[in-house]
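Chains as they are written, first to last, in the numbering used here: chain E, 47 to 323; chain X, -10 to 176.
If you are wondering where the hints come from, they were derived from the structure by calculation, not from laboratory data. Where is the CB? At the ideal position from N, CA and C, for every residue including glycine. Hints are not guaranteed to be accurate.
[Stated by the list, open to error] Computed far set for chain X versus chain E, every beta-carbon distance over 12 Å:
1) Ala66
2) Ala144
3) Ala161
[Claimed, not checked] Computed from the model, here is a short list of chain X residues facing chain E with C-beta under 8 Å:
4) Asp(-3)
5) Ala0
6) Leu51
7) Glu52
8) Pro53
9) Val115
10) Gln117
11) Met119
12) Leu122
13) Ala125
14) Gln136
15) Thr156
16) Ile158
17) Leu162
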Amino acid sequence: MPCNHLREFYEPYALGTLEGPERLEIGAHLARACAECTLGVEQARDLVASLAYLAPQTAPPAALKSKLMSKIIAAPMAVPQAAPSPVAPPARQTVVEMKKPVQAAAPFRWAWAAAAAVVLFAVLTGQYLQLQRQTGALREELAELHRQQNELLAETRTYRQAMAIAESGATRAITLTSTGQTPFIRAFWNESLGMVVSASQMPPPASDRTFQLWVVPKTGAPISAGIFRPDAAGRVLLVSSPNARITDAAALAITDEPAAGSPAPTTTPIWVGPLGS
Amino acid sequence: MERVVLQDPQAIEMLYDRYSRLVYSLVLRILREPATAEELVQEVFLHLWRNARAYQPERGALEPWLVTMARNRALDALRSKAAKQRRVEQDSEEFMLDQLNLRIQAGSPAASAEELIDQNSRALLVRQHMQSLPAAQRRAIEMAYFQGMTQSEIAEALHEPLGTVKTWIRAALTRLREGLAEVGHAM
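Kindly produce the complete structure, drawing on both the sequences and the hints.
Pasting the structure below:
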């Protein structure tokens, strides 16, 4: 997409609200160090930053400045991970003094020892049970964090792959259009890296159906490039790995298929886009 | 900034006096938690101190650079699950927080008069332009800027068509850009 078509999207991009193909396009232009888009997005970022003044203006607590300055003095710029200051006091050590046992009469000594043992046992048992409860809760929290981390990693991998495809000089951009359906869908095709399909405001297929992407070769039957459903907001980001079987692709097409997908298209394509030269 | 690069603590102190109010106000508005906001303000200025050489004046003024860094970090913190939970609880206490902010403001030292006039005139201008927008449009901009919501999320939250939200945001920013340019705050 040429830069002059992207100008109107610089500000939503800087604000972080932009989605869909336009976001990918601007990202690709910036990654290619496109001078016009870089300048446009920087100016938009400055404008967006002025929205900070909409926040109720509140001075930070006075103590914050002295806290910061003490950290700054202890953290020189050239050493990101500041070494402990040579003038800093050594870490406080806990010294356990072994006191000389008090001499007591033998019968009382045994009674005191038994009572102390009972108290100690009760305290330790309570602490043990509390620690067990805390450990259980922490384990659950950790499992949830692992799950979230895996989801984020998968999402990051998808975006990285999408950006690598969109940024490559050998990538061709394809617009898939339809006579009856809006909106148009953008695809980025790269023979060695794969393909990205991106859309927004896409209507969902019926609950027992799915959309299926096809690569239509110049000769032979269409080859499936994956099935997908738009999310609740109608957004799609599908990344397909390169397919060695596809050497002479002529077009991309999207059909409506049964939920599990089909080995060959069973309906007329809804969106079609020629690959061009 | 050159003095910050040369490791002059007084220089970073001056920058703190000039920008800490803006940065703190922004992150407090996003996070609604004074303690977390204070930590984040420290992080931002420590980052500036440690990475002063990375700042390129030809790529833009310092204020937007600092503000953008602070906003990104605050939105990252907001997006974490725990922060989201806290936000749900605290949104209902917005009035109480505003009262607390007023008390904090009353008890804190101000920056120099000249700096405050400069920042205040800019703040006034931005607020005036936003106030002139219809309430729903203003809300859309606030949801985008302070909550990091996308156009689709805003459309869903406001029960408005996506196209309408896109138009609102574009129109509001265009109007702000033109308004700032008119009085010499070119963007």
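So is alanine 66 of chain X really clear of chain E, every C-beta pair being over 12 Å apart? holds, 15 Å
When the nearest CB of chain E is found for isoleucine 158 of chain X, is that gap smaller than 8 Å? holds, 6 Å
May I ask you to check that alanine 161 of chain X keeps its beta-carbon over 12 Å from the closest beta-carbon of chain E? violated, 9 Å
Should the interface hint for valine 115 of chain X be scored as holding, given a Cβ-Cβ cut-off of 8 Å against chain E? holds, 4 Å
Was the hint right that glutamine 117 of chain X lines chain E, CB cutoff 8 Å? violated, 10 Å
Per-residue hint verdict: glutamate 52 of chain X, partner chain E, C-beta under 8 Å: holds, 7 Å
Hint check: is the beta carbon of proline 53 of chain X less than 8 Å from a beta carbon of chain E? Holds. Min distance 4 Å.
Hint validation: leucine 122 of chain X versus chain E, beta carbon distance must be below 8 Å. Holds or violated? violated, 11 Å
Using Cβ atoms only, decide whether threonine 156 of chain X comes closer than 8 Å to chain E, and label the hint accordingly. The hint is violated - threonine 156 of chain X has no Cβ within 8 Å of chain E, the shortest such distance being about 11 Å.
Quick one: work out the minimum CB distance from alanine 144 of chain X to chain E and report holds if it exceeds 12 Å, violated otherwise. The claim is violated: alanine 144 of chain X sits with its nearest Cβ about 8 Å from chain E, within 12 Å.
Classify the hint on leucine 162 of chain X as holds or violated, based on whether any CB of chain E lies nearer than 8 Å to its CB. holds, 4 Å
Hint check: 8 Å Cβ-Cβ cutoff, aspartate -3 of chain X to chain E: At about 11 Å, which exceeds the 8 Å cut-off, the nearest Cβ of chain E leaves the hint on aspartate -3 of chain X violated.
In summary, the structure is inconsistent with hints 2, 3, 4, 5, 6, 10, 12, 13, 14, 15 from the numbered list given earlier, while agreeing with the others.
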